[in-house]
Amino acid sequence: GYSDWCLGDTARTNMITSDNWNISDGVLNCVNCSDPTPTTWNGTIWNNGVPNINKPAIINGNYNTNSDGSFTSCDCTINNTFTLTVNATNANNYINTLNLINNGSIVIENNGSFVQSMATATVSGSGQYKIYRETTPYSEYDYSYWSSPSINQTIGNVFNTNSTLIAGASHPNAIDDDDFSNSNHIYKFNTANFNDDAIPVDTYDDEGDAWQIVNAATIMTPGKGFIAMGAGADFPFTASFATGLKQKVFFEGAFNTGDITYPVVIDNSNTDSFDNQNLIGNPYPSAIDVNKFMAENIGILTGELSFWTHDTPINGINPGPDAFNFNNLDYAEATSNGTIFNYVSTGQGTPATTATQFIASSQGFIVNANSSGNITFKNSMRVNTPNNNFKNFNNNLDRFWLNLTNNSMAFRQIMIGFHHNGSTSYDQGLDGKRNENGNNIDFFSTIENNNKRYAIQTQDTFVDTKIIPLGIEIINSGTYKIGIDHLEGIFQNGQEILIFDELTQVLHNLSTSDYSFNIDTTSDLRNRFSIRFTNNTLDLNDQISMNNDVTIYPNPSKGVFNILLANFELSTTYDVTDLRGKLIVSNKLITNNTIDLLHLSKGVYFIKIKTKKNTFLEKLIIK
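So the mapping is simple: my numbering equals the position in the sequence shown, first residue as 1, plus 1.
When the alpha-carbon atoms are kept at most 25 Å apart in a straight line, the in silico SDA-like pairs for lysine to any residue are as follows:
(1) K379 to T262
(2) K131 to N104
(3) K583 to K613
(4) K189 to A218
(5) K247 to N326
(6) K249 to E135
(7) K379 to I54
(8) K613 to L566
(9) K589 to L601
(10) K620 to T505
(11) K379 to S125
(12) K603 to T505
(13) K613 to L508
(14) K611 to N588
(15) K609 to N588
(16) K453 to E503
These are computed hints drawn from the structure, not numbers from a lab.
As the structure is a computational prediction, the values presented were derived from the model and not from experiment.
Make a model of the complete structure from these sequences and hints.
Take a look at the structure:
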């Protein structure tokens, strides 16, 4: 599973917007050392004041940020025999500097950050380097996604018997050294070999040669991602899993800094179901901002990212070629601007971890490529936030999350957001497609003239006349519910969210309760529902009458419909909207009990017939 680092406390965000240094929320940054007089730490105090954006720092005594405080300096020199430790016991422990000259030792504890924000920042000296990284709890046989923040690291150096298994509640033994270093369970992903041409898509590589075992001598190239089975796995395989395991490893070697390029490629599939997935990773000893990463690489990349969350354990019912397989639905899906992400489930019908704006050091993740080429990581993407992957942050986006659940613990989630850069069409970098998982339960939004399923859809600035079509795929009949998980922006301030069931013609207010529905047939129902934000589309203040006092025939038709209406009035008018709520015909009189829509293209529409006392809503199909 994905090594989603332990959650930390809320902390300050370093918002670096250009090559100039600025001040944001108390975090200071500098361009050069305008004050040539350094300040020296003697093990107790600084002899020339605390380092700042202009002043170099010299470490001439052991220094620990947990007790001595985080700091920003122009340059930082660590003298021989002394150790600078970034200990993240407290939130937001970091060192932010221009150049590092290490002739002693520097240790970055788990979730600590070492930040060099300037493009020209360097790392030099003959000292020692060590970065510790620790996973969140995982289940036996699970995988974590990794990358290296240090130069010249090999698989054997990092994943060895020095790495520690931290016992969980169901696994009392503290160390199990022999399995974590097992080279049979550490892999790279060869995108060029990936081929899934099965019809329907079966979600795995047809030839079985995309995931490739790496040996102990393999260098962890900066920017490259790997997966490694966590410590604590006992063989032969058993379906009875130990849970609550945690893994701690360390990286040695000078820290990566500056521009780092890494090649991405297209896959070998004739279908586009997986969109040329490449496994990459954060190459720095600090978190990076997804906004900046995708702004730099949006041409080569599609703008969608996937994070493995290992929410559900391996089992035999998941799609795949083996007796036991993981679940593709456990990828958290994110879009490129770093602010619109999706939840995944714990397998218990409730959301678990939440991907947000920052990607931690040593973190591997998946991106989709538009074409082969080099992506670039830059120091300007690095931030001072606590160095864990899932970090909440404040924003004023208008968005909401919806869950599809049933009594058997099925769970799927989607997110709908509104952003001034969005539109009703597909927006690369803002809209996020659902990961394929074969014939499995699904819940998704759709985009006009686009056959993809979307876990994340970002439209333009919110107006309450919008209509968002939703689809479901059900594999087991029964009772299901659609409900709101959580809200942001205007939806926290009273804006209602309504769901319209196109089959039953029921409009339900999700802001007051979940919507329950029964389904007897199992199928892909692409346009079963739509989300609405005002009752004006159906005018709930009117008396809505559906399928009682009005008959429309033939329906479907080629465009001409006959209307039989009880108590017909000469002043009866009608409106016609498409599935997205766009008004096609407005306030037109019905004459001779007939309406002519021959000018409209094939598709599904809604007619709202209005008399003095009633309003009738019906579906029209033009074939």
